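The numbers in full-length UniProt numbering rise by one with no breaks, and the one at position 38 of the sequence shown is 38.
Quick caveat, the hints were computed from the structure, so don't treat them as lab data. Here the structure is a predicted model, which means the values were calculated and not measured. Hints are not guaranteed to be accurate.
[Unchecked claim] Heads up, simulated DSS-like pairs for lysine-lysine below, C-alpha to C-alpha not over 25 Å straight-line:
| # | residue 1 | residue 2 |
| --- | --- | --- |
| 1 | K36 | K82 |
| 2 | K82 | K109 |
| 3 | K109 | K75 |
| 4 | K75 | K36 |
[Stated by the list, open to error] Derived DEER-like restraints, expressed as beta-carbon distance ranges:
| # | residue 1 | residue 2 | range |
| --- | --- | --- | --- |
| 5 | R33 | L99 | 21 to 31 Å |
| 6 | I91 | E37 | 44 to 54 Å |
| 7 | L111 | V72 | 37 to 47 Å |
| 8 | M107 | Y76 | 31 to 41 Å |
| 9 | S106 | V57 | 40 to 50 Å |
Virtual Cβ for every residue (Gly too), placed ideally from N, Cα, C.
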Amino acid sequence: MGVYDIAYWLNILLMYTLGTQIVYGLLILLLGRVMKEYFEWGIFDPPLNLFQKTTNVFLIGTIGSGYYLDEVLRKYSWFKRKLYMFSALVIQTIVSVILYQVIYHSMLKHLL
1 MGVYDIAYWL NILLMYTLGT QIVYGLLILL LGRVMKEYFE WGIFDPPLNL
51 FQKTTNVFLI GTIGSGYYLD EVLRKYSWFK RKLYMFSALV IQTIVSVILY
101 QVIYHSMLKH LL
């Protein structure tokens with residue numbers, strides 16, 4: 001496995017992580033409490049061992065931003081919360097694309 005293969009898989013991992021955050025946020029926007037409960041079932045509070053800590057880090061790293069946004073926006077009415085959540089997801093999508101492009105092009109620059 002060469003350097004280009006490693007770069008390819010890191011690229012896939014980056015796209016997966018950024019995309020999953022956005023998709024899970026959209027699911028929370030559409031399905032609300034159902035998706036939040038799913039997230040809460042996967043989190044150990046407080047984590048007692050390394051396995052539980054690793055599980056928490058993985059879940060928060062892959063799908064945690066939508067849950068966090070919804071918790072922050074919980075103080076607003078239903079309509080405002082949905083509107084703000086949608087706006088935050090649009091901004092998150094734009095930032096994710098920019099972040100992906102910066103990381104991808106810097107990785108290509110160092111490989112070539």
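Is it true that the C-beta distance of S106 to V57 lies inside 40 to 50 Å, as the hint says? violated, 25 Å
Restraint status (C-alpha distance of K82 to K109 at most 25 Å): violated, 40 Å
Holds or violated: are the alpha carbons of K109 and K75 at most 25 Å from each other? Violated, because 45 Å separates the two Cα atoms, which is more than 25 Å.
Straight-line Cα separation of K75 and K36 no greater than 25 Å? Distance of about 16 Å is within 25 Å: holds.
Given the hint that K36 pairs with K82, does the C-alpha gap stay at or below 25 Å? This hinted pair holds, its Cα atoms lying about 14 Å apart.
Okay, L111 versus V72 on CB: inside 37 to 47 Å? At 38 Å between Cβs, range holds.
Confirm or reject the claim that I91 and E37 have a C-beta distance inside 44 to 54 Å. violated, 26 Å
So the hint says 21 to 31 Å: do the beta-carbon atoms of R33 and L99 match that? Holds: the Cβ-Cβ distance is about 30 Å, inside 21 to 31 Å.
Does the beta carbon distance between M107 and Y76 stay inside 31 to 41 Å, or does it fall outside? Given about 39 Å between the Cβ atoms, the range holds.
Of the hints listed earlier, those the structure fails to meet are numbers 2, 3, 6 and 9, in rising order.
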